[in-house]
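Chain by chain, the residues:
2 protein chains.
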Amino acid sequence: MASSSTCSSSSSSHEDAWNIECFKYSRRATLRSVVGRPDGGAGLAGERAVVGGWVRSSTVVRARRASAVSPGSSSPSRTKPEGNVQTTGLTCTEVLMSRVPLIRCIARLMAGGIGAAAGAASGGSARRQAIGKALVRINDGSCVADLQIVVDSSLCPLDQVTATGACVLVEGKIEQVEGTAPQYVVQMRVEKILHIGPVDSEKYPLSNALPSSDLIRSYPHLAARTEAVASIARVRSELIHAVHAFFQSNGFFHVNTPIITTTSAGNRSKMFRLTGLFSKSDNDIRITPEAVRAAIKEKTKQIEALKRSESNKEALEAAEQDLQRAKALSRQLEQSTESSPDDLFHCPAYLTPCHTLHLETFACALSSVYTFSPAFQAEILDSDRSLAERWTLDDAISCTEDCVKSLCSTVSKDCSDELKFLSSSQAGDATNSLIGSAVSSPWEKIKYTEAVNTLLQVTDKTFESKLEWGMPLSHEHLSYLADDVYKKPLIIYEYPKQLKPFYARLKEDFKTVSAFDLVVPKVGIVACGAQKEERMDNLTSRIEESGLQIEQLEWYLDTRRHGTVKHSGFSIDLERLILFVTGLKDVQDTNPFCRTKDHAKC
Amino acid sequence: MASSSTCSSSSSSHEDAWNIECFKYSRRATLRSVVGRPDGGAGLAGERAVVGGWVRSSTVVRARRASAVSPGSSSPSRTKPEGNVQTTGLTCTEVLMSRVPLIRCIARLMAGGIGAAAGAASGGSARRQAIGKALVRINDGSCVADLQIVVDSSLCPLDQVTATGACVLVEGKIEQVEGTAPQYVVQMRVEKILHIGPVDSEKYPLSNALPSSDLIRSYPHLAARTEAVASIARVRSELIHAVHAFFQSNGFFHVNTPIITTTSAGNRSKMFRLTGLFSKSDNDIRITPEAVRAAIKEKTKQIEALKRSESNKEALEAAEQDLQRAKALSRQLEQSTESSPDDLFHCPAYLTPCHTLHLETFACALSSVYTFSPAFQAEILDSDRSLAERWTLDDAISCTEDCVKSLCSTVSKDCSDELKFLSSSQAGDATNSLIGSAVSSPWEKIKYTEAVNTLLQVTDKTFESKLEWGMPLSHEHLSYLADDVYKKPLIIYEYPKQLKPFYARLKEDFKTVSAFDLVVPKVGIVACGAQKEERMDNLTSRIEESGLQIEQLEWYLDTRRHGTVKHSGFSIDLERLILFVTGLKDVQDTNPFCRTKDHAKC
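Quick mapping for you: the protein sequence lines, in order, are chains A and B.
Be aware that the first sequence starts at 1, since it is given in the UniProt record's numbering, and climbs by one per residue.
Be aware that the second sequence starts at 1, since it is given in the UniProt record's numbering, and climbs by one per residue.
Possibly wrong hints are sitting among the right ones.
In silico SDA-like links for lysine to any residue, alpha-carbon gap of 20 Å or less [claimed, not checked]:
no., chain 1, residue 1, chain 2, residue 2
1, B, Lys-297, A, Ala-295
2, A, Lys-297, B, Lys-299
3, A, Lys-299, A, Ala-315
4, B, Lys-327, A, Ile-296
Using C-beta positions, here's what the derived DEER-type ranges look like [claimed, not checked]:
no., chain 1, residue 1, chain 2, residue 2, range
5, A, Glu-444, B, Gln-552, 48 to 56 Å
6, B, Ser-441, A, Pro-38, 34 to 42 Å
7, A, Glu-554, B, Gln-183, 35 to 43 Å
8, B, Gln-183, A, Trp-469, 55 to 63 Å
9, B, Asp-200, A, Asp-460, 52 to 60 Å
10, B, Gln-302, A, Lys-327, 16 to 24 Å
11, A, Glu-314, B, Glu-476, 55 to 63 Å
12, A, Asp-402, B, Ser-424, 32 to 40 Å
13, A, Thr-462, B, Asp-322, 48 to 56 Å
Looking from chain B toward chain A, a few residues come up when the C-beta cut is under 10 Å (computed) [stated by the list, open to error]:
no., residue
14, Phe-23
15, Arg-28
16, Gly-52
17, Leu-169
18, His-195
19, Asp-200
20, Ser-207
21, Ala-230
22, Arg-234
23, Gln-248
24, Asn-250
25, Pro-258
26, Ile-260
27, Leu-366
Honestly, the hints are just simulated from the structure, not real lab data.
Idealized CB from N, CA, C, for every residue including glycine.
Isolated chain A, as found in the complex:
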């Protein structure tokens, strides 16, 4: 399928052909198709295009005789960079100031203080009269690189297009930038302003060119306008596509497992429970059990008073009848309140913390299946996982290894700019080399028992958490193994049964199960899997051992009762995989909306 078509601007009066590929549905060239090209856009010099985006940073330059070009005139296809300024995101104004004393004065006048250094010409009515041109770096979220557009003050009041966060849609000509190591290969000389979405710099929370992480986290709905969050979003998108590509090319069917479930496979204290319809307790005029109880109390008092006074027998009888009615209503209300939360489900309903059980029912019919669904835990919010079903533990391990390697390799190839940007703002390029070795070399595979023995023999480090066979490996244990001992992705398998869910297949020793974790350096566990217990008797005794209610799992046991099959599966934690490929430290940064706090906001 063709990914884009050649532009023809319906709103433009220009009749000449447009040679820049643009988005089919918005008649606008993405910045990826201009500055995202391998030549940085050099091959497009002289071409006309419509581009748009949000202002990242900007500089206002007084028109100088040598480079003053009025819009619409046939601008030279190669020009000196405007004002010959090294326009980096943060320091542009400072560089200008150090060179041109006059501009320094103007900038001081206009910026009104250090805080507005990056958006020097933005905001304030006194600045409307700025004459000259604005060098505005815009980004439309399609790639890491910004495009510099040159806007003459005859086109619009410059403060409208220079405020960080403003949205601009412009038409103009691409021209190559010359000079000693200019930051940009090309820039656009704007000929027509098609749209301005203004911004009030005083109020725009991300008007600082490099907002702090804490600030970004406070505004999840604007966060994707920062390069860091946008880069992560593009890596995430690429990873998700790669997940589907991997499974589809290996013959897996995508199925949808339910998100609302009445079954729990583990600890219910970590599950979200759903209540019924909101309207019952919110919008309607309510007769609450409490109100009725208060009425009963009142009526009881009244009856006691009437009894004491003995003044009016009829009034007493009426009051007693009222009391009976109120009591009946109270009983009724108590019952309806108890049943209403789950009226749609007939029993308590939860958000699923795990898709494994339902996915197995599809695997026991369609053979090779996967799902890509959010899983919910009441502590850590949603975390997308893809799960697949295979025959044996070895198959599952080999499929996990192929899958994760394929995902890493796709992302490091197709998102190299994003990874470069993220590692430059993080821990250097250590991450990239970690991915490289993860993709190219075979992984280490050790049994849980070996892992414990290795850790017990460690003398150069003391661990905080105690360890003996049968106890879980803590994060520091896993980190020591992956970061210090093996220095690469590590599969740990054959865990003691008490450390894994009831459905993991019991081994012949009756102590361990066929389950594994994939541990990667710096992050920890990014995937886990198990061969599923297909033997009915083992399964039921494991369910009982785990303290789960077997009646709730009867439907699951049906898949073993009726044509049981050896199968295994694994799940990948997408958020942690993003940490691994990007080098990010905090799982809360992988998606702007996936943070506990933010749910309170949006």
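Following the hints, put chain B in place on chain A, whose structure we already have.
Same frame as chain A, now just chain B:
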């Protein structure tokens, strides 16, 4: 990426090369790669393979001298179909019985009644001694076609492999079937049984070869073993892949919008509300507000009694202190009960009924984005939707048309067997021709006002629901337009503002908004979209008109405050699109777990 590798069975003792492509991770050939080939498997005759699946139906045939072949012997690569039986799913036993009186007696003896007709040889210990061979049709869910395997009674007790629903994994040789119009091109002569997952026919709920829809619906966890549900699952999988392919090839980024939200864009009565941690209300010992209130009541009575008797001042004082304490506790508890359900969110949290608002925040940063997430309504359960963001209404309509056409075209090409199967068990091939014309011809586009005028002039039909300008179009109205008037997919646009959400862009007439619905024949609305209101004043007044709390939408308004941009979007209802492409009638059939009742089960 290579989709599969040539088989090498690790457990097999055969050293010769295997020429049938098989699943990389299960070392088993899928039936799609054998009987799903265009030649029905003819080119594979003589090849050895491992296949598996669940038994769909079976027949036991007494060994006859001419065709008796012991396992392991070099069987001829072309053989007569076993017993020369027309083995259709339901009637195999009947056909046999009409032809071979001896077999009729045996079958009666073994079947024990009409009910077990299809799985004639299944179940019961008395049947273990059956000598001869079983013709077993198995299916592994990878394609519509079954594979017939021939199992000799020397390999295993035949009742184990003939019970409908049993799981078998076998190794053997593919051989071509000859004869007058044999139902199968090839069958497999089994040489080795690798695994049997037995089934008790008495207890297996789907042991009848053609279970009723109601029966299937009662067992969502086994439903995918029926051909109908498996076909729908494969169509769904293909559709989902096509959705991702369409958006990816058109430069859209996939983003994850939250499923848990505190914002409501419309009617809260249709939203699921989340409560906090289960443990608080379930496992812990609770001091409820009710219990405290009862204590207060008791204490109040006691005080009254003490006052009346005036016997003990100290007792009265103590009781009054108790009462104060209880009241304080009550206040405290009321507060904590109000806040605890939402302790993680600080305010009421819901499952999102719509991803539009959050998706817009990404569109206002990354330009072209889509999501593929379940949306929740408390009436109809989850319904997957994909949403995309574009610039204007025309762009959104054109993108919707391209997208739906691309999905229909992919599915009709890649799932032709499934669609054929489903239409044969439904409304003939009318569905396929509907898809054909939907893909090939341009769609009708009319304004809401035109639609109402057309409907008001209808004389050959009376509608149940009243209609005048400003009222919603009911299902019968939409159906009349799409099925009777235009007979093809229909875009209805420019709706009265009161019929669409607050974010739809107001037109110059201040009465209508830039919103549209895509209506397809037989199904109704499968997609809807709108150009979003980018003007702050219009947006806030529309929010107020809609009776929504503007404070809750402040975060959304931020995207208009700070660099607003013209944009539009649409969402596709995947479940209804599946109805359209498959010809299914009931949206509850599109996914076995997506039915209200079933959530109570799984």
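These are the hints, each one checked on the structure:
no. : hint                                 : result
1   : B/Lys-297 with A/Ala-295             : holds, 13 Å
2   : A/Lys-297 with B/Lys-299             : holds, 13 Å
3   : A/Lys-299 with A/Ala-315             : holds, 12 Å
4   : B/Lys-327 with A/Ile-296             : holds, 18 Å
5   : A/Glu-444 with B/Gln-552: 48 to 56 Å : holds, 51 Å
6   : B/Ser-441 with A/Pro-38: 34 to 42 Å  : holds, 41 Å
7   : A/Glu-554 with B/Gln-183: 35 to 43 Å : holds, 37 Å
8   : B/Gln-183 with A/Trp-469: 55 to 63 Å : holds, 58 Å
9   : B/Asp-200 with A/Asp-460: 52 to 60 Å : holds, 59 Å
10  : B/Gln-302 with A/Lys-327: 16 to 24 Å : holds, 22 Å
11  : A/Glu-314 with B/Glu-476: 55 to 63 Å : holds, 58 Å
12  : A/Asp-402 with B/Ser-424: 32 to 40 Å : holds, 38 Å
13  : A/Thr-462 with B/Asp-322: 48 to 56 Å : holds, 53 Å
14  : Phe-23                               : holds, 6 Å
15  : Arg-28                               : holds, 7 Å
16  : Gly-52                               : holds, 8 Å
17  : Leu-169                              : holds, 8 Å
18  : His-195                              : holds, 6 Å
19  : Asp-200                              : holds, 7 Å
20  : Ser-207                              : holds, 9 Å
21  : Ala-230                              : holds, 6 Å
22  : Arg-234                              : holds, 6 Å
23  : Gln-248                              : holds, 6 Å
24  : Asn-250                              : holds, 6 Å
25  : Pro-258                              : holds, 4 Å
26  : Ile-260                              : holds, 6 Å
27  : Leu-366                              : holds, 3 Å
When held up to the earlier numbered hints, the structure conflicts with none and fits them all.
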